[in-house]
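Asks: The lines below spell out each chain.
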Amino acid sequence: MDAYDKGSDARQGGAGRGLPDPRPATPAPASPTGDPAPGGSAPGHPADRPPPPYSPRENPDSAPSADPASLTAPPAEPRSGVAALSLRYQIGAAAALALVAVAVCVHLGMTFLHVAPSNTVSKQHRETIENWIYPEFEQNWKLFAPNPLQQNIAVQVRAEVLTADGASRTTGWYDLSAQDGRAIDGNPAPSHTQQNELRRAWDFFVSTHDNDNRPVGHRGALSEAYLRRIMVMRLDRADAAGPGGTLARVQVRSRTTNVPPPDWSDEKISTTPVYRTLPWWSLPDDETRGGIG
Amino acid sequence: MNRLSLALSRVIARVTDSALGPHQTAVIRIGFGLTWLLFLLREFPHRQELYGPDGPWEWDLADQLVTTNDAFTVLLWSDSQIWFEAVYALAVLWSLLLLLGWRTRTMSVLFMVGVLALQNRSVFMGDGGDNVLHLMSIYLVFTRCGQVWSLDARRARRLKEARARGERPRDRVGPALWGVLGLLLILATLAGRTDSDWFIPALLWTVWLGQALWWLVGRRARSGEPRILLDVVANIVHNGALLVIMAEACLIYATAGWYKVQGSRWQDGTAVHYPLQLEYFSPWPALGDLLSASGTMVMLVTYATVAVQVAFPFTLFNRRVKNVLLAFMILEHAVIAVVLGLPFFSLAMIAADAVFLPTSFLRRLGDLAARACGRPVPRGGRARVPGPRSPADAPADGAPAKAPAPAPGGAPGPRT
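These protein sequence lines map, in sequence, to chains V and A. Quick note on numbering: the first sequence equals residues 6 to 298 in our numbering. Quick note on numbering: the second sequence equals residues 228 to 643 in our numbering.
It is worth saying that the hints were derived from the structure and are not from the lab. The beta carbon of each residue, even a glycine, is placed where N, CA and C say it ideally should be. One thing to keep in mind: the hints can contain errors.
[Claimed, not checked] Now the stretches of chain A that chain V is said to cover, found in silico as 3 or more residues with beta-carbon under 8 Å:
1) 235-243
2) 344-357
3) 360-373
4) 450-461
[Unchecked claim] If you only want the chain V side, here are some residues facing chain A, beta carbon under 8 Å, derived:
5) Gly-86
6) Gly-114
7) Pro-153
8) Leu-154
9) Trp-178
10) Ala-206
11) Thr-251
12) Trp-286
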């Protein structure tokens, strides 16, 4: 057996049977740190040890509890690992190993197919992959890829206000993204409310609406309510309604500007902003009074 | 054939006999716990707006979305303010306790519950950093991440010393914690609050029952074998989860890198210029301008970023190259933290990177930390790995495992 020819590691005695080493596992081969004695008080040297009482080679069938010696005499040395188990427990360990190995492989495969570009396999098994991944293992790592965002998208809002004397007036446009930008400037730890809230709410809105700003599906309705509530909250903080006034309707628009190419580039890009203006939205009663956030 | 079976049996021995990477799993436990803790503290003034029942993404909207996507979040169990404040405060507490490694297994479960509660409640508030934490909080549950650098490890040491003096200390906290959490789990299940996707509720039940089994086997089993088997199973699960965590980090880099290869801006060497000019990612505009002042520099950084991200998974086969790239990535994330104003994303990514740090480096780091705390470094100037959780006192395995486990025939339990 060529394993022994190397003569370097007599601990591998069990290899020939394709089973884990039946000897008491010495921590050394298993420890990633090479720490000589993770077991702490392990007495003696592994090489000198007698075989453990329950080595399958010695005692393949008997249940350990049936062995009176095991109840009266302490084991010759601390035992652990598969090696210290009798055959039927080893089968249990092997089953666990197989189960975990399969679960790990399947999970990694599913995750790979989920993050990879749509391909033959992932198209064929789309439903299986989605069932496995959603809801808790969803992920997206296209970080600044394939291209980084090259536009500043500002979300702006204006409101129709009912004043205390019953008249109505329309406010100017509030540039909420510019407010976020100012809050982020010089801020070593920007809040998600400044960095993600509006930006992602707008992404959510765009991805759930068609080009005529009509909602697509239930998520479209949710995104509209969400965006509207952010607008109301922010207008409220800016005291847009003024003393005694209430918000009646809000209108949102986005202003998209290309990031100019670097100075040293000879590329020419239009930096004229492009607007996308949504219809006026009436506010439900509870939102006209504010109290969001 | 013999060579193959030899190699196979060696691998099997490795993954069954010990929970690999005790320092690596400890450092990611500390890293993710710290990231989430700092995030929650930073957002404390904004908590109502982010996750509160009356925030813009109000309770009712979240409830409608979660009904359709079946995600697990305890925050939607009630729309009351008290419940919200309690969950937020507990999420803070749990991340702190996980960081410290107190009842690590139980805390890893609760940490996950806290992360999922807030993130699934308001999915549109998160970014890549939240995504990393979300996944890793689930994976951490499967690991024995409290073997070193934890209160559990210290407790196990003291328990051993007490045993050596012939004392039989009893653990009351563990069973009590287990009992309370079990009661909550039963109540929640009976009330139909765990009708989300089956996975997380099943995981909660599995860990809870597993801890009971561990405790019972530790106390009752006449031979050491059932206990050793459980220990082996816990090792296998730990090692599987460690592999998943490493593969997940590779997937993140590979995805980010390979998609960039296809991007025209990454090809023409100007990509790095653009994020620096975005209103939402430029806390220090002057710094961004400075960094993109030289076209050559921007091109080099752009190409290096893609090359490193694409190459990283393959360098794992060469320790030295891997370490160089790892240092580069950690540095790059530190730069991103400042320049793009993404400290929590960067911290989460650095924590994920840390799983690949070499043990010798982590030990030196541990020694430094111990000295900084004014504590003597144990023997030979090296932080010592306490015996990887013996089945009898299982420091890393949460509540019920703490009970003293009388070994058969009065013999010391295995590996104590």
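Asks: Need the list of violated hint numbers for this structure, in ascending order.
Replies: 6, 9, 11 and 12
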